[in-house]
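Engineer: Residue strings, one per chain:
2 protein chains.
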Amino acid sequence: MKRNFDKEFQAIRDQVHVMGIQVERAIGHALAGLTQRHSESFKRVYDIEQSINQMHLDVDDRCLRLLALQSPVAANLRLVVGIIKINTDLERMGDLAVNLAHNGSRYIKEPALKPLQDLPIMAKEVQLMVRESLDSFLQGNVELARTVLSRDDEVDRHKNEIFRELVDKYMSVDGTTVNRALDLILIARNLERIADHATNIAEDTIFVVSGTDVRHGKRAIPPSGAPKELDK
Amino acid sequence: MKRNFDKEFQAIRDQVHVMGIQVERAIGHALAGLTQRHSESFKRVYDIEQSINQMHLDVDDRCLRLLALQSPVAANLRLVVGIIKINTDLERMGDLAVNLAHNGSRYIKEPALKPLQDLPIMAKEVQLMVRESLDSFLQGNVELARTVLSRDDEVDRHKNEIFRELVDKYMSVDGTTVNRALDLILIARNLERIADHATNIAEDTIFVVSGTDVRHGKRAIPPSGAPKELDK
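Going down the list, the sequences are from chains S and G.
Here the first sequence stands for residues 92 to 323, numbered as in our numbering.
Here the second sequence stands for residues 92 to 323, numbered as in our numbering.
Looking at chain S on its own, in the form it has when it is part of the complex (with noise of 0.2 angstroms):
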């Protein structure tokens, strides 16, 4: 029982690794056509969520199954129930990573606003911040999961001076820019998401790995019944 349980369960994270690298590659085949002004790479965008769609299904179904058939329990199930949420945060993320070609193929139908470097930079930074929380989660490595974490700071600053430059230098200035300078908002803001869903993950995986609950900045849940100190 114990062996199936650990090869079943090796597949599934294989799974959820390859899910992980798809998200990476969608963020970035969005940005590519935004700064591009390519619409090919947009396509490749909604190709790669077809498929994170199609491995959330089989990795639910398979959780599913491996519940069923198993019934683990302490960590063992802590990691299974930690994988059925970390799935639901990688599909929403191919979603949020549709949004982005959504927003940039409408922005390259129109003349450039602005150089773009500040976007790409932040898109680089939520990519770091998806492959560290898969990582974390994988490796059961608690500092890096909580690395992921003190990012989110990061690009939620990153967002919010693309978000004031956009409206003080833009859209307050020249109402002709406004439909454009929304889809760069909009952008950040999709972007802003993603990053939040791998700090999901990088919690998720410190509950898993700890029994540490730091979801809500406060109660601890050990495995031991015994509440432990949190460090925010």
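Because the hints were derived from the structure by calculation, they are not lab data.
Hints are not guaranteed to be accurate.
To be verified - Incomplete in silico selection of chain S near chain G, CB under 7 angstroms:
| no. | residue |
| --- | --- |
| 1 | Asn-144 |
| 2 | Ser-162 |
| 3 | Leu-168 |
| 4 | Met-262 |
| 5 | His-307 |
Stated by the list, open to error - In silico EDC-like pairs for lysine to aspartate or glutamate, Cα to Cα no more than 20 angstroms straight-line:
| no. | chain 1 | residue 1 | chain 2 | residue 2 |
| --- | --- | --- | --- | --- |
| 6 | S | Lys-260 | S | Glu-201 |
| 7 | G | Lys-134 | G | Glu-223 |
| 8 | G | Lys-176 | G | Asp-105 |
| 9 | G | Lys-134 | G | Asp-186 |
| 10 | S | Lys-176 | S | Asp-149 |
| 11 | S | Lys-260 | G | Asp-265 |
| 12 | S | Lys-176 | G | Asp-152 |
| 13 | G | Lys-260 | G | Glu-223 |
| 14 | G | Lys-200 | S | Asp-259 |
| 15 | G | Lys-176 | S | Asp-149 |
| 16 | S | Lys-176 | G | Asp-287 |
| 17 | S | Lys-176 | S | Asp-226 |
| 18 | S | Lys-205 | S | Glu-252 |
| 19 | G | Lys-205 | G | Glu-252 |
| 20 | S | Lys-176 | G | Asp-186 |
| 21 | S | Lys-200 | G | Asp-152 |
| 22 | S | Lys-215 | S | Asp-186 |
| 23 | S | Lys-215 | S | Asp-226 |
| 24 | G | Lys-176 | S | Glu-201 |
| 25 | S | Lys-215 | S | Glu-252 |
| 26 | G | Lys-205 | G | Asp-265 |
| 27 | G | Lys-98 | G | Asp-152 |
| 28 | G | Lys-176 | G | Glu-223 |
| 29 | G | Lys-215 | G | Glu-252 |
| 30 | S | Lys-215 | S | Asp-243 |
| 31 | S | Lys-176 | S | Glu-223 |
| 32 | G | Lys-260 | S | Asp-259 |
| 33 | G | Lys-215 | G | Asp-247 |
| 34 | G | Lys-176 | S | Asp-152 |
| 35 | S | Lys-260 | G | Asp-259 |
| 36 | S | Lys-205 | S | Glu-256 |
| 37 | G | Lys-93 | G | Asp-105 |
| 38 | G | Lys-215 | G | Glu-283 |
| 39 | G | Lys-176 | S | Asp-287 |
| 40 | G | Lys-176 | G | Asp-226 |
Don't be surprised by glycine CBs; every beta carbon is placed ideally from N, CA and C.
Position chain G relative to chain S; hints supplied.
Structural biologist: For chain G alone, kept in the frame of chain S given last:
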């Protein structure tokens, strides 16, 4: 064992029901704060969100214990995993209600931009979706769940109209309206996102009750193993 499961599961259901009511209330207070320009209402949203967060942790904890102690299979397993997912959706809805309050309290610091009839109508529809999605789950009512799915298009249509009016009649014409119009746009978007979470709950309900997977509008995983035709 069976009776223990039923009793504990009933308690978890009751808690999830309360969470849904709290989400509806939070939306109501956020909109009251916006339309009546009443900042105290926003504070109530923050308080409600705190209580939703606490219930979120409790429900998650209880579901994990239920899986560990009772090892449910088949329909009961789908129910518990369904609750785990719905619990996440409800918690996010609470976050989004806080976003509504955040944008609303910023909006009312400036003079009113326009009469607000459209956002309260949209909010009422979203509250209805929240209630019906929860009811569909709690009653195991697939028909009601499908009603929720159909309402989502109406909410999207509303959001697009609100968006369009604010861009075309205000932001593009008068730069001094940009910040306020943007707040209203973000409120519409956050309402839409709450509706998306209600849609998730409705889809999970259909899966839990019928074993039919309507997510991604495609694959069916009936519990019997034989694929079924889907409505869409």
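Engineer: Can you list which hints this structure breaks, lowest number first?
Structural biologist: 7, 13, 21 and 24
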